[in-house]
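Participant: Heads up: the protein sequence lines correspond to chains A and B, in order.
Here my numbering is used: the first residue of the first sequence is 1, the next is one more, and so on.
Here my numbering is used: the first residue of the second sequence is 1001, the next is one more, and so on.
Be aware that one or more of the hints could be misleading.
[Stated by the list, open to error] Pulled a few chain B residues facing chain A out of the computed Cβ check, cut under 7 Å:
hint	residue
1	L1077
2	R1222
3	P1226
[Unchecked claim] DEER-style ranges, computed between Cβ atoms:
hint	chain 1	residue 1	chain 2	residue 2	range
4	A	W29	B	I1005	45 to 55 Å
5	A	L15	B	L1445	29 to 39 Å
6	A	G69	B	L1414	17 to 27 Å
7	A	G69	B	W1160	50 to 60 Å
8	A	W14	B	K1102	25 to 35 Å
9	B	P1444	A	R7	45 to 55 Å
10	B	I1436	A	W29	49 to 59 Å
11	B	G1155	A	W14	32 to 42 Å
12	A	V49	B	L1378	43 to 53 Å
For the record, the hints were derived by calculation from the structure and aren't laboratory data.
Backbone N, C-alpha and C define an ideal beta-carbon position, used for all residues, glycine too.
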Amino acid sequence: MKATFKRPKTSKGWLSLGLIAFIILLGSWPVIHLFNREVIVFGLPLLMVWSIVLIFLTTFTMLFINKIGGVD
Amino acid sequence: MYEYIPLFITISYIFIAILLGFFAGKGKNMDSVEEWGVGSRSMGPIMMYLLIGAGGVSAYTFMGSPGWAYSKGVPALYVVVYLTYMAILAWYFGPKVWELGKKYNHVTQSTAITDRYESKALGGLASIVTSIGILAYAVIQTTGAAYILNVMSYGLIPTWVGVFLSLGAISIYLYRSGLKAIGLTNAFQGGLMIFVSFFIGLWATKHFTGGFSFTPIFERVRADIPEFFTLPGGLGDMNITFWTTSILISFFSIWQTHWIQWMGAKSKQSIRRSATLLPTFYLVLIPMIVVGFIGIFMYPNIGNPDHVAIQLAVDTMPVVVAGLLGAGTLAAAMSSSEPCIHATALSYSKDVLQPLLKWDDVTVGKWTRRLIFPIMLLIIAPISILQPSSLVYILLIGYGFIAQAFPSIIGIFLWPRATKHGAFWGLFGGFIVTVIFSFIIAHPLNIHAGIWGLGANAIIFILVSLITQPASKETIERFFPEMVDDLYEDEANPSFQVETK
């Protein structure tokens, strides 16, 4: 009896999985250390700007994966 | 009379919501689970965007997030990040859940768990464990709604009356129209929230700085209270470990409410399109977090930080603007609590009471929508009236419980070897660990209790699954048609079986 998990079947699928993992890493330890500074960017705290950037990065990543057919 | 204009605007919102919700299900038989529970799977991408977005953005947006910005600073942003990441789950799992549900007539998460693991007990347990978090969420929304009515009426509407008023309004349209009412009212509430949040944020900024630039606010924060600019924040309780694990536990939480909302979509594409754009909805939080920072300087000694935005609106804004904030906050609270009540009633009826009392589908259909009344009267109302202390912490603990269903969901979509014993004992162990690390030894090593629970859950889930029998070949064939031969390779290749003996 094999106990394997369902995995992406194509290189596009693996690329998509990698992109999603990378996006999650961008908002977590240790990457978040880079943005945890007393700096004002565009009038806002750096961490706030980074949170807004993450909103758009996540959206564009999902759009990109939809476009290349990397999910399913 | 002039001072009651905000109350009038806020109450008007309730009437609009009742009207919209009441007529949403006109001409439909709401004694059918398919109709009341998932609105006959009829919602397009725009409706889905507003439904999921408004359901996720709660009273927290208008009360908790400015409250956290006021008392801690940038830690308030963790909600923006986790809501953004939760959209990824909707985008990935939503279409799969929809397809499976349509094929095998699942309406709730627990029904899918029951079917996949061939265990009604496991489905029932998942329903009860995850409902703890969902009901906690409904409680904080109801508390928020009651508070708004109390402030807008200058204390004339006491908390308990506010609780019954908001729950009463929800009960009318929820009973009448089910998920269709939630869809239509959330669309209205979502639009109102976006408008109100940006309007109030810009108004407060103009009032405080004389312009529309945020720079003077944050230059002052950096000069006077620099600790509010970085993690762990003003109170020192959100270091990077807790930030990360709080985001992760929220990310792993597939709510019963989300599951049911996905089921209401017209097609797989409806969910995928709406979920792709869903993160943009959460920009709505940013202006309110800025309002919390402004409040630090305007109200240095406010009693409850969660009240800072409302206080600022009542004190400094024209009555119409204050009324709009009241209506927006009430919309946020109601739009988030009604899916929780709906999902709990649906799941208790389908996944707990039906197997327990041997109800047929007609009886389930009849009782499902009636269950909203005991849930509201016996659970949500009394706890809301007791007024728990901090909105966000209750929410955070709630996520710890909801996330415990995640391994079981992995077993539905990604791991055919998962067994009912693995899922059951994983869920049970995860629940116990989450309880211990939430209430007895709170968040050891600054790692969220739910992550500890999920870690224990995942280990138990895998180990127990590997030593117990998987589901029948027929079930695995339905859930993993392309992997069934791998799992049952001994049967598929009898000669190999003989050789290994």
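Participant: Now tell me, hint by hint, if it's right for this structure.
Facilitator: Here is how each hint holds up against the structure:
1. L1077: holds (5 Å)
2. R1222: holds (6 Å)
3. P1226: Given a least distance of 5 Å, the restraint on P1226/B holds.
4. W29/A to I1005/B: 45 to 55 Å: holds (48 Å)
5. L15/A to L1445/B: 29 to 39 Å: holds (34 Å)
6. G69/A to L1414/B: 17 to 27 Å: holds (19 Å)
7. G69/A to W1160/B: 50 to 60 Å: Taking Cβ atoms as reference, G69/A and W1160/B lie about 54 Å apart, which means the hint holds.
8. W14/A to K1102/B: 25 to 35 Å: holds (29 Å)
9. P1444/B to R7/A: 45 to 55 Å: Given about 33 Å between the Cβ atoms, the range is violated.
10. I1436/B to W29/A: 49 to 59 Å: violated (24 Å)
11. G1155/B to W14/A: 32 to 42 Å: violated (60 Å)
12. V49/A to L1378/B: 43 to 53 Å: Holds, at about 46 Å.
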